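K.L.:
Okay, here's what each chain looks like letter by letter:
There are 2 protein chains.
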Amino acid sequence: MASTVEGGDTALLPEFPRGPLDAYRARASFSWKELALFTEGEGMLRFKKTIFSALENDPLFARSPGADLSLEKYRELNFLRCKRIFEYDFLSVEDMFKSPLKVPALIQCLGMYDSSLAAKYLLHSLVFGSAVYSSGSERHLTYIQKIFRMEEFIIHSPDFEAAKFWVGNMGKTATHAVVFAKLCVPGDQCHGLHPFIVQIRDPKTLLPMPGVMVGDIGKKLGQNGLDNGFAMFHKVRVPRQSLLNRMGDVTPEGTYVSPFKDVRQRFGASLGSLSSGRVSIVSLAILNLKLAVAIALRFSATRRQFGPTEEEEIPVLEYPMQQWRLLPYLAAVYALDHFSKSLFLDLVELQRGLASGDRSARQAELGREIHALASASKPLASWTTQQGIQECREACGGHGYLAMNRLGVLRDDNDPNCTYEGDNNILLQQTSNYLLGLLAHQVHDGACFRSPLKSVDFLDAYPGILDQKFEVSSVADCLDSAVALAAYKWLVCYLLRETYQKLNQEKRSGSSDFEARNKCQVSHGRPLALAFVELTVVQRFHEHVHQPSVPPSLRAVLGRLSALYALWSLSRHAALLYRGGYFSGEQAGEVLESAVLALCSQLKDDAVALVDVIAPPDFVLDSPIGRADGELYKNLWGAVLQESKVLERASWWPEFSVNKPVIGSLKSKL
Amino acid sequence: MASTVEGGDTALLPEFPRGPLDAYRARASFSWKELALFTEGEGMLRFKKTIFSALENDPLFARSPGADLSLEKYRELNFLRCKRIFEYDFLSVEDMFKSPLKVPALIQCLGMYDSSLAAKYLLHSLVFGSAVYSSGSERHLTYIQKIFRMEEFIIHSPDFEAAKFWVGNMGKTATHAVVFAKLCVPGDQCHGLHPFIVQIRDPKTLLPMPGVMVGDIGKKLGQNGLDNGFAMFHKVRVPRQSLLNRMGDVTPEGTYVSPFKDVRQRFGASLGSLSSGRVSIVSLAILNLKLAVAIALRFSATRRQFGPTEEEEIPVLEYPMQQWRLLPYLAAVYALDHFSKSLFLDLVELQRGLASGDRSARQAELGREIHALASASKPLASWTTQQGIQECREACGGHGYLAMNRLGVLRDDNDPNCTYEGDNNILLQQTSNYLLGLLAHQVHDGACFRSPLKSVDFLDAYPGILDQKFEVSSVADCLDSAVALAAYKWLVCYLLRETYQKLNQEKRSGSSDFEARNKCQVSHGRPLALAFVELTVVQRFHEHVHQPSVPPSLRAVLGRLSALYALWSLSRHAALLYRGGYFSGEQAGEVLESAVLALCSQLKDDAVALVDVIAPPDFVLDSPIGRADGELYKNLWGAVLQESKVLERASWWPEFSVNKPVIGSLKSKL
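Line by line, the protein sequences are chains A and B. Just so you know, we're using our numbering here: the first sequence kicks off at 1 and counts up by one. Just so you know, we're using our numbering here: the second sequence kicks off at 1 and counts up by one.
These aren't lab readings, by the way, just hints derived from the structure by calculation. Keep in mind it's a predicted model, so treat the numbers as computed, not measured. Here a beta-carbon is modelled for each residue, glycine too, at the ideal position from N, C-alpha and C. Hints are not guaranteed to be accurate.
Distance ranges between label pairs, derived from CB positions [unchecked claim]:
hint, chain 1, residue 1, chain 2, residue 2, range
1, B, Met232, A, Ala67, 21 to 31 Å
2, B, Met232, A, Pro14, 29 to 39 Å
3, B, Cys190, A, Val646, 31 to 41 Å
4, A, Pro65, B, Cys448, 54 to 64 Å
5, B, Tyr633, A, Cys184, 18 to 28 Å
6, A, Ala26, B, Asp513, 23 to 33 Å
7, B, Ser601, A, Ala447, 28 to 38 Å
8, A, Pro239, B, Ala23, 38 to 48 Å
9, B, Thr309, A, Arg240, 30 to 40 Å
10, B, Tyr633, A, Asp513, 28 to 38 Å
11, B, Ser601, A, Pro14, 53 to 63 Å
12, A, Pro59, B, Thr309, 53 to 63 Å
13, B, Gly437, A, Pro308, 14 to 24 Å
14, A, Asp457, B, Ala23, 45 to 55 Å
Chain B stretches covered by chain A per the calculated footprint, using a threshold of three residues with CB under 8 Å from any CB of chain A [as the list claims (entries may be wrong)]:
hint, region
15, 84-90
16, 394-408
Make the full structure from the sequences, and use the hints.
P.N.:
Pasting the structure below:
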């Protein structure tokens with residue numbers, strides 16, 4: 001039921017058309033507009049609306065239903081759209097400093113429209129741009145201006161070692177690249193990876209520079225508006241000044257100099273830029289999950305099938321099974337979105353320290369902590385999204401398998417989030433290593449568990465916490481995220497101890513460090529890292545929904561979301577909770593499971609309103625079964641009949657009309 | 001190491017080229033040719049080779065690397081290929097009766113080449129054909145002949161109620177459809193669904209018949225060579241003889257007659273045809289998993305990354321993490337493939353009973369048992385494949401994200417296996433209902449647990465078995481599938497009891513039957529159904545690998561596969577095993593987990609040889625990183641450079657050369 005919203009500009013938020021979704025909207029326990037304003041704030045809502053409206057009103061961004069774009073045409077269109085985004089100049093450099101959250105907001109808006117567009121824009125302006133900005137010096141500032149005027153199209157090469165393959169924007173369009181190469185000075189040692197700006201193509205003709213072989217890696221599973229390329233350099237000479245020299249330089253006399261004492265310190269300072277890619281990906285993943293969940297829940301609220309009587313069929317959202325399949329992912333959207341923004345702000349803090357030349361111990365600690373968090377956040381966000389999209393696709397039945405409903409594109413576009421900037425499984429080792437290092441510190445030096453963002457401070461309860469047991473005996477006592485939080489703290493401490501002990505056991509039995517770590521990663525390091533980041537997400541969202549500034553009318557629904565996400569995530573670790581003795585007996589598992597189902601049931605009537613908060617306009621969502629008016633069949637049939645040649649006879653019909661002779665047999669040719 | 005193979009025609013099986021896979025092939029503990037012969041038999045291997053060779057030698061089936069086929073062109077090509085398959089006449093009707101397993105074998109071969117081809121062929125010949133055969137009478141035999149001469153292109157409409165949408169082959173090509181409609185006789189009641197042959201298009205012009213609106217539903221996420229359609233009938237008159245009248249008929253005088261006493265009995269007789277679709281899908285799913293696992297394991301055996309020393313990098317298959325990610329799915333391929341063939345033979349037994357007019361109680365029981373098994377087998381196979389393909393895609397890193405390596409197509413083509421012929425989650429209720437019915441029988445009537453295929457006979461151990469506990473204390477004692485089998489029996493009995501009790505509890509507290517079942521399905525019915533079918537798969541493969549006819553040289557590797565699949569599947573239920581008291585304490589969970597990892601490690605050196613057994617020829621597998629010669633980079637680069645316009649400048653390059661004016665600003669227009 002809509003209540004009047006105090007303050008704020010609600011003309012900013014649309015009124016939804018009347019239709020089949022009315023029943024659910026009327027049953028919501030809160031006002032979606034109030035939640036939208038509370039979650040984002042007026043300035044951010046205005047910013048997003050500006051972007052969405054610009055896209056919807058510009059013919060270049062018109063959706064083409066049923067179009068079968070060739071790879072080449074899609075890349076051209078994506079390039080033109082990217083250029084147009086620069087012309088719109090939604091976000092000035094000053095804006096980025098004043099309101100840093102507008103950066104992920106812009107990327108989310110573009111990505112909700114089309115992942116390929118967000119990727120092209122992000123790689124060019126943010127990744128390349130920030131690489132030049134953070135690794136370069138004054139002499140490289142002219143590149144920054146050119147990046148934003150798109151005078152030369154520029155990309156950032158993330159990984160020189162990977163056969164210089166997969167470079168975003170390099171396939172057709174890049175004129176320059178940031179290339180990370182091992183810097184070797186004659187008569188001196190090699191100094192590890194350093195970044196260089198290298199010209200790839202002649203800006204006038206777009207043909208490759210001499211010595212540079214550059215090409216397109218071809219069609220991908222998704223994000224095909226983005227032209228990924230490969231490059232090989234055959235003794236290409238670049239001027240000395242091409243070295244982006246903030247971290248290290250070579251004098252005209254040929255001497256290597258660096259403000260950092262050693263490689264480790266220099267590497268530590270660069271951890272910030274490694275983390276920024278991963279933090280961005282968290283945001284990219286979540287935008288995909290938002291869209292998928294919006295589509296699947298609007299569908300579920302309007303698609304009717306069977307019912308208790310012959311008379312009326314009920315929406316499939318009324319079934320506990322459908323609620324269990326989808327509502328945890330809705331809760332995950334809210335929890336992970338909040339976490340993503342908070343992590344981005346932590347990263348901004350780190351980057352400001354870097355920019356101001358902060359070399360304190362805290363800055364180094366912050367870099368390591370964010371590196372550990374980012375290394376587990378990317379896997380958590382990308383996998384949750386991957387599983388969520390699959391569930392949404394299946395929950396929409398056959399309609400989910402129609403290309404026009406967009407779930408396939410979301411799945412394909414999210415997929416590489418599990419792989420680039422570090423394979424998820426491999427990356428988690430960074431996080432488990434970080435935690436093991438802290439434990440080793442405590443064991444050997446008696447150090448406390450402290451980190452600048454306080455994400456590890458709870459470990460001070462180790463090892464005493466391991467005697468705790470789960471003592472909730474009724475579902476009613478299990479409906480707050482505080483319960484899950486306590487369990488998670490136990491779980492991470494338990495896994496930390498187990499991993500540490502197993503690692504030592506392996507080494508004692510003769511395994512090398514390399515072998516020992518590999519043997520422990522599957523059963524111990526991996527779940528440790530995941531449990532740690534899940535705890536952090538749960539913690540931050542729990543604090544967010546319990547803070548005094550939450551309007552009373554929103555507390556119940558936010559509390560339920562927080563509890564559902566926390567308990568659902570936790571329930572995936574139930575075996576470990578039993579194994580280590582935190583759970584024992586039937587009741588513990590039953591209570592946890594029943595609490596999850598109870599929360600799903602409680603959130604069912606809020607689902608549509610919760611989707612109204614996170615869904616972009618219909619034009620951007622671009623899914624007939626996910627439209628805000630809820631006219632499922634009207635919209636679906638409308639879209640089907642708009643496809644080209646839907647009722648036409650096949651152009652090749654003579655091939656199978658019966659005027660053709662009966663087919664011969666080729667059996668003798670076998 | 002290759003050993004001499006006794007008997008059999010080993011010229012039937014290829015010699016692989018020398019290359020980077022040699023090391024693993026040499027380390028295998030068995031001969032892949034021996035396993036291939038043992039698994040399939042010479043006749044089947046010859047049959048598959050004939051099909052694969054025909055495809056490879058026929059230009060119509062040539063692969064077109066880098067081609068960007070339009071939807072229309074793909075459908076035309078798929079149609080022409082399907083027609084060619086009929087011309088080849090690989091499988092006569094007599095063959096189908098003599099060697100029924102050649103039916104799924106043919107479908108697997110076609111599907112490995114292209115899922116759209118298998119689907120088009122299957123729907124036309126097997127689904128439509130068998131519907132006409134099993135539901136029709138002598139007067140419909142002429143249709144059968146025409147089906148196999150493809151004089152008219154014909155499809156089978158699976159579901160009239162679903163807005164007559166999603167009908168395979170109807171989008172462009174079908175001339176006739178089997179339409180299930182409610183049969184209502186004037187002056188009498190309605191008699192439920194009956195099948196009719198209805199003409200959709202004029203065979204000479206391919207234009208729709210009067211009163212029929214028929215069209216193409218548009219692009220799907222996958223299987224786009226298959227034209228799915230929709231149809232609406234506006235009072236279309238069809239002759240009385242169009243009724244496929246085996247199950248029920250209407251006399252010329254207008255009286256409904258049926259050999260069956262009532263609707264239930266008639267429905268029971270039709271369960272066989274419901275099950276055949278689902279059993280086919282098990283086979284379709286598994287072919288996709290075979291391909292994905294083959295690609296990912298050959299990749300993992302040749303892709304090198306890092307290592308214990310700086311000197312040499314090691315194949316990623318050497319890492320426990322990679323083994324854990326992939327080898328369970330290899331084991332699943334073997335276990336599910338065996339199960340799929342055995343289930344198909346069970347289905348053949350049922351269909352022969354139906355064809356011979358068997359109306360015995362055993363035939364009815366068999367129909368119900370197969371219905372229950374098929375309703376859980378489809379979910380198990382399609383989900384295992386879905387998760388397996390995703391894991392394979394990620395395990396191949398960025399290369400898995402290149403379209404040319406085929407993992408995207410496999411994922412998209414397998415996806416609808418989770419949805420058609422019944423959404424997986426909904427379908428599982430059929431299985432749990434079946435089991436609950438058996439328990440109710442036992443509780444109320446003292447009946448024993450007996451079924452024709454003996455899949456439920458183990459339930460006789462209920463409830464005594466619930467006192468059993470897991471008593472394996474060392475990994476060495478945990479390496480045989482017998483251990484998992486015992487645990488599964490306990491688990492199914494436990495879940496059966498819990499579901500039954502919860503259902504009764506719900507009803508006692510006032511829930512209707514509808515509500516009670518829905519409330520119990522997520523937490524109880526669903527895991528019960530899955531555990532039951534997993535047990536059945538494990539049981540059948542366990543018996544298969546332990547039978548006396550297994551050559552001694554193959555026993556070890558087959559035993560390991562059986563144990564790995566069984567323990568890995570079981571481990572996903574660890575929380576329930578603890579909850580119900582079968583597991584207690586740390587050791588149980590640790591032993592299970594360590595056993596899985598130990599088996600992965602033991603199977604690592606057999607992996608490539610095991611793939612050699614299941615992989616089709618390179619031409620059919622169609623994945624540069626999965627080629628049998630293992631020349632990973634040569635094949636990858638070769639394929640990349642074969643793509644059209646790989647090194648060419650973009651055709652639209654003037655759009656971004658710097659001769660164009662600097663971009664303007666559109667900021668004022670926002």
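K.L.:
Holds or violated: the region 84-90 of chain B covered by chain A, criterion of 3 or more residues with Cβ-Cβ distance under 8 Å?
P.N.:
holds (count 6)
K.L.:
Is 54 to 64 Å a correct range for the gap between the Cβ atoms of A/Pro65 and B/Cys448?
P.N.:
Taking Cβ atoms as reference, A/Pro65 and B/Cys448 lie about 59 Å apart, which means the hint holds.
K.L.:
Taking 30 to 40 Å as the hint, is the beta-carbon distance of B/Thr309 and A/Arg240 inside that range?
P.N.:
holds (35 Å)
K.L.:
Determine whether the Cβ-Cβ distance between A/Pro59 and B/Thr309 falls within the hinted range of 53 to 63 Å.
P.N.:
Holds, since A/Pro59 and B/Thr309 (Cβ atoms, about 59 Å apart) stay within the stated range.
K.L.:
For the region 394-408 of chain B, count the residues whose Cβ lies under 8 Å from any Cβ of chain A; is that count three or more?
P.N.:
holds (count 10)
K.L.:
So does A/Asp457 sit 45 to 55 Å from B/Ala23, Cβ to Cβ?
P.N.:
holds (49 Å)
K.L.:
So does B/Gly437 sit 14 to 24 Å from A/Pro308, Cβ to Cβ?
P.N.:
Between B/Gly437 and A/Pro308, where Cβ atoms are some 21 Å apart, the hint holds.
K.L.:
Taking the CB of B/Tyr633 and the CB of A/Asp513, does the distance hold inside 28 to 38 Å?
P.N.:
Hint holds: Cβ distance 30 Å, inside 28 to 38 Å.
K.L.:
Between A/Ala26 and B/Asp513, does the beta-carbon spacing fit 23 to 33 Å?
P.N.:
Hint holds: Cβ distance 29 Å, inside 23 to 33 Å.
K.L.:
Could you say whether the range 31 to 41 Å given as a hint is met by the Cβ separation of B/Cys190 and A/Val646?
P.N.:
holds (33 Å)
K.L.:
Against the range 28 to 38 Å, how does the distance between the Cβ atoms of B/Ser601 and A/Ala447 compare: consistent or not?
P.N.:
holds (36 Å)
K.L.:
Does the hinted range 38 to 48 Å hold for A/Pro239 and B/Ala23 at CB?
P.N.:
holds (46 Å)
Violated hints for the displayed structure: none, as all numbered hints are satisfied.
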